[in-house]
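Line order of the protein sequences matches chains Y and E. Per this note's numbering, the first sequence starts with residue 1, numbered consecutively. Per this note's numbering, the second sequence starts with residue 1, numbered consecutively.
Worth flagging that the hints you see were computed from the coordinates, not collected in a lab. It is possible that some hints are incorrect.
Given that identical chains are not distinguished, each listed pair holds provided it fits within a single copy or across any two copies.
To be verified - Straight line, CA to CA, 16 angstroms or less: simulated EDC-like cross-link-like pairs of lysine to aspartate or glutamate:
| no. | residue 1 | residue 2 |
| --- | --- | --- |
| 1 | Lys-11 | Asp-350 |
| 2 | Lys-279 | Glu-358 |
| 3 | Lys-198 | Glu-341 |
2 protein chains.
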Amino acid sequence: MSQFAITAQNKRARTGIFKTPHGDLITPVFAPVGTQATVKTLTPEQLKGINSSLVLSNTYHLYLRPGDELVRDMGGLHKFMQWHNPMLTDSGGFQVFSLSDTRKIDDEGVTFKSHIDGSTHRFTPEKSIAIQENLGADIIMAFDECSDPNDVAYSKIAMERTHRWAERSLKAKTRADQALFGIVQGGVNPALRAESAKFISALDTPGVAIGGLSVGETKEEMYTTLDVVVPLLPENKPRYLMGVGTPEDIINGVARGIDIFDCVLPTRLARHHSAFSPKGRLNLMNATFARDERPVDESCDCYTCQTFTRAYIRHLIVAKELLAGTLLSIHNLRSLIRLMEDIRIYIADDSFDARVPELLNKWSNNAKRNKHEGHEAHKG
Amino acid sequence: MSQFAITAQNKRARTGIFKTPHGDLITPVFAPVGTQATVKTLTPEQLKGINSSLVLSNTYHLYLRPGDELVRDMGGLHKFMQWHNPMLTDSGGFQVFSLSDTRKIDDEGVTFKSHIDGSTHRFTPEKSIAIQENLGADIIMAFDECSDPNDVAYSKIAMERTHRWAERSLKAKTRADQALFGIVQGGVNPALRAESAKFISALDTPGVAIGGLSVGETKEEMYTTLDVVVPLLPENKPRYLMGVGTPEDIINGVARGIDIFDCVLPTRLARHHSAFSPKGRLNLMNATFARDERPVDESCDCYTCQTFTRAYIRHLIVAKELLAGTLLSIHNLRSLIRLMEDIRIYIADDSFDARVPELLNKWSNNAKRNKHEGHEAHKG
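Build out the structure end to end from the sequences listed, making use of the hints.
So, in structure tokens, the structure goes:
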């Protein structure tokens, strides 16, 4: 029996159900990032309040602190952080490659130094799976190598290593209750991406991830890559575009057949006083909001917008009150989750494809994207 | 018609109802401190969740930022911060005297420099009342001068000025919907305190505050001062002991006839990883809690204790996640509010006085108190 069922399709976009031991995921879905077993500044109760369904946590960070064995002994990640809905962990690959200059990559694995205390550690596919089994997320990732997308020669080497590592990850897996996804790599080279899509699709996994995007390539390159990769993926497996994205990337991703997204952007923007709105990102620290009695977004149904004025949030920011980050995190995450809820309805009533221009127009001012904006690769 | 009705009395302790435009306060009551129009890291929803009734905000801070006129124009403090229950503002006196070395005090008022930008400002009794009328709290304070409690000569001068300023504050008041409390001063000198208690009691105010305690005197001096002051206060007015206290101070204060308390201690301790517990304050950063699956306090009914382990909270602290401060603030505030709920029941069933030794024993390990611990006088 497949874990995934498509319930409606509109051109390449689809909506479906992915079964997990912690409940059904309705796709397409946007996952808030809870790097260190917490979506920064929010309680699980607040996450539920914005209708989050899937939460991502970072293997690299949790391995270093508090340690995956501690999390296992405390009953696993769901119990530890009290998130009793579906969870996903990444493989640690991206963070190892983005957080350390002192790494050494060989065919067997990667040696790296902790960004916390400089101590030396080693990840292999087997180690990554063992850690993820200790953490116990519902969806786990094969260990992969993310290349500089514009370095074709290196992208080929990294892709081939990612393929061997995907096979080893699959072989290393022992828990039947976790869904392992392989990861398509290949930089922005269409031939490599096609080769990787075919290889990863052929593996016996319940889902496929697309890695190595939102890491410095242009938006056009990202969309072109999706146009190459997605048609080569099996219809009956969910497709997860890692570390993406902005509202614009989500709309364009769904239109190209993506089912799962995650991104640190909503919470990171929130901590830097920036809020999604239909008129573009608002920097709430701006003096223009000092006496603005409107909510951040008049069309938003979140606690923040239903309760507080821009003037109050600006005051909290200027007074360096941490509540500002909490309130804007609630709003920004809810904005993307609400966008996803709308998209699912539009797919179900067969109007999504026709609405893409309208949706892109509405959200285009929120579209600016910086290198690595979507992934959790901070040193702090 | 009096705003205050005593519903039960047990020796000197009493429980009662104080009517405000934003609802009835059941006394004795502990007020969380929301210095800058926010109880740090908590939403109003979370404050309601721990059964907060009265919240204090600081006139000095709000005058400087965002400005009392802005708060007035945004509909007042209740609407601005979305706290629709009773609120109290202090007079700004304590902060002016504790945050600035460059102040100049004269009989007319105080000139001081902002701790934010060094700009020069002047508070008078009339100005303090005007600011507090703009903020719009239910309970407001007369402008007062807090002396070094051990300097008898200065305490006398400050007390006499406080009396003149109380009369001027009362005269300056224009809003009928706010309850102005006069403040008893006099350091730790019994004769001065008695004189001040009589003077302030004679004013036509719906309540009386006791200032100048928890500012460096010993606990014995504080209790002795209360023993002098409280018997001289009118029975039919609520008595507010400003900036106090620890659980021990609250128990001892109620036993001496105090009705209202406020203190930054619960939230400040929370941000420094410290939690109230029946076994004394726990420093949750301690490695001993790394694998501790118990809640912070097994007897506590708060969201934090009902949901998370000490191990998880320690992880958040070590990983520098702000959620730790939120969760411990919820617990620490709930601890004092729950203590107050218990105390009210004990007064009503006439058992409080007999239970004081048991209560003090339970909470004595939480009793250490530092200079200025209870008041909001930080520079940040």
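- Task: Kindly indicate which numbered hints from before are broken by the structure, ordering the numbers from low to high.
- Result: 3
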